[in-house]
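**Student:** Given next are the chains, with one letter for each unit.
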Amino acid sequence: MLILGIESSCDDTGVGVVEDGRWLRGNSRLSSAAMHARFGGVVPELASREHVMAIIPAMEAALDQAGVSLTDCDAFAVTQGPGLLGALLVGVTAAKALALALSRPLIGVHHLEAHLYANALVASIEYPALALVVSGGHTAIYRWEGDGRLVLLGDTQDDAAGEALDKGARILGLGYPGGPAIERLALSAGETPFRLPVARLRRPQHPYDLSFSGLKTALAGLYRQYPDQSAALAHALQEAVVASLTEKAVQALVAERLHRIYLAGGVSANQRLRTRLAERASEFGGQVYAPEPAMATDNGAMVAAAGYYHWRLGHQMGMHEGPKTPYPLGE
Amino acid sequence: MIFGIDASGPGLAVGVVDDAPCRRVLADWYWLRPRTAGTHLTVWLETLSQQFGRPEALAVGIGPGSFTGVRIAVTAAKVLAWAWGIPVQGVSSLSAWAYGAPVGEKVLVTSERRGAAFYGGYYLRETDGPKPLMPDFPVDGALPAPFPVTGSVAVIGALADDPAWLERVGAHAYGLTEVPLLGSAVARIADFAAPIDAVRLTPAYLKAPGTRGSGSRDESNGQ
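Just so you know, the sequences run in chain order D and H.
With the first letter of the first sequence counted as 1, position 295 gets the number 295 in our numbering; the numbers rise by one all the way through.
With the first letter of the second sequence counted as 1, position 89 gets the number 1089 in our numbering; the numbers rise by one all the way through.
Simulated from the structure, these hints should not be mistaken for lab results.
Backbone N, C-alpha and C fix where the C-beta goes; we use that ideal spot for every residue, glycine too.
Heads up, a few of these hints could be off.
What the hints assert, rightly or not - The following label-pair restraints were derived from C-beta to C-beta distances:
hint, chain 1, residue 1, chain 2, residue 2, range
1, D, R22, H, I1196, 37 to 45 Å
2, H, T1177, D, T217, 35 to 43 Å
3, D, E60, H, R1054, 17 to 25 Å
4, D, A199, H, R1168, 52 to 60 Å
5, D, T217, H, F1137, 42 to 50 Å
As the list claims (entries may be wrong) - Stretch by stretch, here's where chain D covers chain H in the computed footprint (C-beta under 8 Å, at least three residues):
hint, region
6, 1044-1051
7, 1057-1071
Model the full assembly from the supplied sequences, consistent with the hints where possible.
**Tutor:** So this is what it looks like as structure tokens:
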């Protein structure tokens, strides 16, 4: 079954063509990130405008790469939320128009769940597993029971991990998006004499919740004292974020008696996170799986993959449905 | 047969006209309720295409007006035209409003207001449709030249029932409060002599995007 997936929840217009939820046939991503860089973050109206102009070129490129025509697609999938409402509306409207034009099923998928299904493009997902979604907008830990069945175990109580990296990058005068800039600079530092605080929340009912908001204050204080130590400070920031994510994920892995961790989201491209999480998980017999770095950021292929597994469950999106935001997952 | 779409104003409009020279109206649906395009536009198009079959062309109001409404209408039109392989043409949404003015009259079309901010379009309603007397323009407090005008001018839209604004339009300005059926109007005035490539079909925003504050993923105001 060939599914064309559309992702437009933020500043990337992504279109992917995936066969049977497993085999990537074509993928195209047109990003307006460079336009947002001078504002230090995504400007919703600007992102929405760019989606309108990018949606057909992105579809043409993905179909061309797949070597198929639009009529070869058996269904269409789209990110229904959460995300920027104006941006989501473009993708959802385009997907509904395709479903109407070709009389094909339409499947709406959750953005975070789609990120997790980027792992299905590497190998079949084996359940049950722990799922760690880490991006600029979200940071959450789930127990992944099966297709479409996620149970929220922990969530950030303030900033997302990627947001902490973005804010840190801004403090250090680096560009947007901050995650890759922090990673590059941290790598150049080697070791660091600095330690930033890893939040330890006292929430017995929610032991896997996370917090990153204290990092920016601590980082800003150190940067004022050591303005010429930005590489070492970037290293310290990355270590604090990675330590927080790793410890909570491994605690959940052990407590839930699981053996697999599926990593997803833009921050999952961070090599230090991948390495450290794999090291710590292996101490408890766990193994870490992650999508190809190119598939870690927002893309249409992950939406097409997620759409396939939801289609198998009989899920379809009605023509009268719109974007959903906020859109809790696994609660 | 041509389908016409407009979602730039306070409601959603879809019309169907035939391809006779006069473009006879076969259907005209209008719902005077904001923010209905996202949920109802494709449903209406589905129902109308089941009733009348696939159209030979699509016409769409490209604004100016509600950024979100215009975007939904333009996205639906361009993707449908691309998928069906049919021509698509964009027209000024304000010119579709001007279609409702009496023939021979000059007409000032005014979009929904946000305080003193709105969009205006100044047209002459000729027999074969509205002709622009100047490009559509954004207003934020004051009308541009040539207003106030001395001659008779019909005012359609948000200012039509506002005496203070009518006075600023001109001494002989009068309001037309009837909302025209915009779906068929868009389909009737669209000129398909040189249809635009669906990829290049662009909303007429007339204003730069607001850059105040960056968005979070839970940002909910898409207007």
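**Student:** All the hints need checking, so say for each whether the structure fits it.
**Tutor:** Hint-by-hint comparison with the structure:
{"no.": "1", "hint": "D:R22 <-> H:I1196: 37 to 45 Å", "result": "holds (39 Å)"}
{"no.": "2", "hint": "H:T1177 <-> D:T217: 35 to 43 Å", "result": "violated (57 Å)"}
{"no.": "3", "hint": "D:E60 <-> H:R1054: 17 to 25 Å", "result": "holds (21 Å)"}
{"no.": "4", "hint": "D:A199 <-> H:R1168: 52 to 60 Å", "result": "holds (58 Å)"}
{"no.": "5", "hint": "D:T217 <-> H:F1137: 42 to 50 Å", "result": "holds (47 Å)"}
{"no.": "6", "hint": "1044-1051", "result": "holds (count 3)"}
{"no.": "7", "hint": "1057-1071", "result": "holds (count 3)"}
Violation of the numbered hints given earlier is confined to hint 2; every other hint is satisfied by the structure.
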